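Peer 1: Here is how the chains run, residue by residue.
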Amino acid sequence: MTTKYPRAIPDRAPRDYDDIPGTYVMDGDHSRRGYALNMFCMSLNQEANRDAFRADESGYLDAYALTDDQREAVLQRDWLGLLRLGGNIYYTFKLAIFDGLSMQQVGASMSGIEAEEFQQMMIDGGRPIEGNRTLADHGATPAEERY
Amino acid sequence: MAQIIGGIGTSHVPAVGAAIDHNKQNEPYWAPYFEKIAPVRAWVREAKPDVCIIAYNDHASAFSLALIPTFAIGVAATFPPADEGYGPRQVPDVAGHPPLAWHLAESLILDEFDMTIVNEMSVDHGLTVPLSVMFDQPKKWPCKVVPLCVNVIQYPAPTGNRCYQLGKAIRRAVDEFPGDERVLILGTGGMSHQLQGERAGLVNADFDLAFLDRIVTDPAGQSAVPHTDYLREAGSEGIELVMWMIMRGALDEQVREVHRAHHVPTSNTSNGVIVLENA
Numbered sequence: 001m002t003t004k005y006p007r008a009i010p011d012r013a014p015r016d017y018d019d020i021p022g023t024y025v026m027d028g029d030h031s032r033r034g035y036a037l038n039m040f041c042m043s044l045n046q047e048a049n050r051d052a053f054r055a056d057e058s059g060y061l062d063a064y065a066l067t068d069d070q071r072e073a074v075l076q077r078d079w080l081g082l083l084r085l086g087g088n089i090y091y092t093f094k095l096a097i098f099d100g101l102s103m104q105q106v107g108a109s110m111s112g113i114e115a116e117e118f119q120q121m122m123i124d125g126g127r128p129i130e131g132n133r134t135l136a137d138h139g140a141t142p143a144e145e146r147y
Numbered sequence: 148m149a150q151i152i153g154g155i156g157t158s159h160v161p162a163v164g165a166a167i168d169h170n171k172q173n174e175p176y177w178a179p180y181f182e183k184i185a186p187v188r189a190w191v192r193e194a195k196p197d198v199c200i201i202a203y204n205d206h207a208s209a210f211s212l213a214l215i216p217t218f219a220i221g222v223a224a225t226f227p228p229a230d231e232g233y234g235p236r237q238v239p240d241v242a243g244h245p246p247l248a249w250h251l252a253e254s255l256i257l258d259e260f261d262m263t264i265v266n267e268m269s270v271d272h273g274l275t276v277p278l279s280v281m282f283d284q285p286k287k288w289p290c291k292v293v294p295l296c297v298n299v300i301q302y303p304a305p306t307g308n309r310c311y312q313l314g315k316a317i318r319r320a321v322d323e324f325p326g327d328e329r330v331l332i333l334g335t336g337g338m339s340h341q342l343q344g345e346r347a348g349l350v351n352a353d354f355d356l357a358f359l360d361r362i363v364t365d366p367a368g369q370s371a372v373p374h375t376d377y378l379r380e381a382g383s384e385g386i387e388l389v390m391w392m393i394m395r396g397a398l399d400e401q402v403r404e405v406h407r408a409h410h411v412p413t414s415n416t417s418n419g420v421i422v423l424e425n426a
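Taken in sequence, the protein lines are chains D and X.
If you use this note's numbering, the first sequence closes out at 147, no skipped numbers anywhere.
If you use this note's numbering, the second sequence closes out at 426, no skipped numbers anywhere.
The hints are simulated quantities; they were obtained by calculation from the structure and are not laboratory data.
These figures come from a predicted structure and were not determined experimentally.
Incorrect hints may appear among the rest.
[Unchecked claim] If you anchor each label on the Cβ, the simulated ranges turn out as follows:
| no. | chain 1 | residue 1 | chain 2 | residue 2 | range |
| --- | --- | --- | --- | --- | --- |
| 1 | X | Gly-234 | D | Arg-77 | 15 to 23 Å |
| 2 | X | Met-148 | D | Asp-124 | 45 to 53 Å |
| 3 | D | Asn-49 | X | Leu-214 | 15 to 23 Å |
[To be verified] Now the stretches of chain D that chain X is said to cover, found in silico as 3 or more residues with beta-carbon under 8 Å:
| no. | region |
| --- | --- |
| 4 | 42 to 48 |
| 5 | 58 to 72 |
We treat Cβ as the ideally placed atom computed from N, Cα and C, and that holds for glycine.
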């Protein structure tokens with residue numbers, strides 16, 4: 001796996017979408033965990049904020065109530081970790097845009113392959129649904145996938 | 148009275164907008180997609196809509212987690228392109244249609260759809276890419292627009308059925324609007340794609356083609372498909388397809404399929420377009 005952060009254990013009853021592999025549904029549980037992180041990302045929509053973040057990344061983050069893990073994942077550009085810590089891709093992608101990355105580069109990072117390989121996979125028709133519907137397809141239980 | 152002249156479902160992939168903005172339509176990667184949508188552009192030129200009602204979603208541009216309306220309708224005279232992190236897209240401002248938008252807002256709320264009314268908002272690629280898909284690169288967009296912004300990022304998005312029923316309520320409202328506007332309705336987003344996580348890059352062309360069939364012939368059946376089926380089968384961002392149900396609801400029960408296109412990939416997305424007329 002490409003991140004040291006485990007998949008969070010939801011603070012709610014299990015749901016039917018919990019066994020979709022590699023998928024972080026932005027439900028209330030996830031949204032609560034990631035609010036400050038996502039709002040930091042959102043702030044990068046404004047040029048003045050991008051300039052301020054560029055000048056002093058760590059200092060800029062002080063204005064947001066991030067956990068230590070979230071702060072580190074931002075500074076490390078741990079794209080998969082950011083999702084596991086409550087991020088949503090539309091928000092975390094603001095940080096990728098800031099870095100000049102494409103969605104395909106970020107997709108490659110999150111799925112643990114090289115960007116060229118990801119690009120070719122898309123040209124070849126994308127990641128197939130067969131074998132990717134459920135955690136069982138991946139040979140994992142929800143608990144195992146967390147680590 | 149105003150009339151609905153047809154409906155278009157289309158993906159709203161940002162890379163398509165960038166390809167148009169940077170004149171890449173003839174490059175090998177893009178040419179096949181743009182060849183496939185040429186008949187769509189021809190149909191729109193002929194149809195000459197005065198106004199487009201565009202169901203789309205905002206991608207952390209005008210709205211954020213600070214405020215998450217399920218259905219928001221833009222009633223302003225102008226909607227500027229949003230800065231999504233790159234600086235605003237260099238496309239014309241979008242002209243609104245305040246009289247129709249207010250009529251829709253009032254009619255829909257009295258029809259028990261609790262719309263959020265928006266006087267000031269920017270519009271991101273979710274709305275401007277479909278305009279580029281239809282109109283290419285005009286100096287000024289050739290029609291007015293009523294933005295209908297749907298939350299599909301924060302779970303749960305409205306159900307497919309709620310979207311379908313909203314479309315029907317939009318139809319009732321348009322049919323009662325005292326004007327002679329020719330109204331085109333768009334449902335945008337999708338088709339199958341997953342941007343996030345270890346399953347990024349997921350495409351399910353079989354799901355997409357079945358969706359295109361069912362939205363024509365069995366919209367009520369398609370509107371009953373639960374969220375988890377979209378999330379699992381069409382990818383986490385494939386849930387955007389519920390917005391196509393708004394478009395379909397605004398058309399007659401029986402429709403004629405004028406054109407469809409399906410192309411994989413455009414960036415990370417399975418791209419679909421369909422043009423429907425009332426039969």
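Peer 1: Decide, hint by hint, whether the structure agrees.
Peer 2: Hints, one by one, checked against the model:
In this structure, Gly-234 (chain X) and Arg-77 (chain D) meet the distance hint of 15 to 23 Å, their C-beta atoms being roughly 22 Å apart. With their beta carbons about 50 Å apart, Met-148 (chain X) and Asp-124 (chain D) fall inside the hinted range of 45 to 53 Å. The hinted range of 15 to 23 Å is satisfied by Asn-49 (chain D) and Leu-214 (chain X), whose Cβ atoms lie roughly 19 Å apart. Given a C-beta distance limit of less than 8 Å, the hint that chain X covers the region 42 to 48 of chain D holds, as 5 residues qualify and 3 suffice.
Here's how the region 58 to 72 of chain D fares: 0 of its residues keep a CB closer than 8 Å to some CB of chain X, so the rule of at least three is not met and the hint is violated.
The structure fails to meet hint 5 from the earlier list, while all remaining hints are met.
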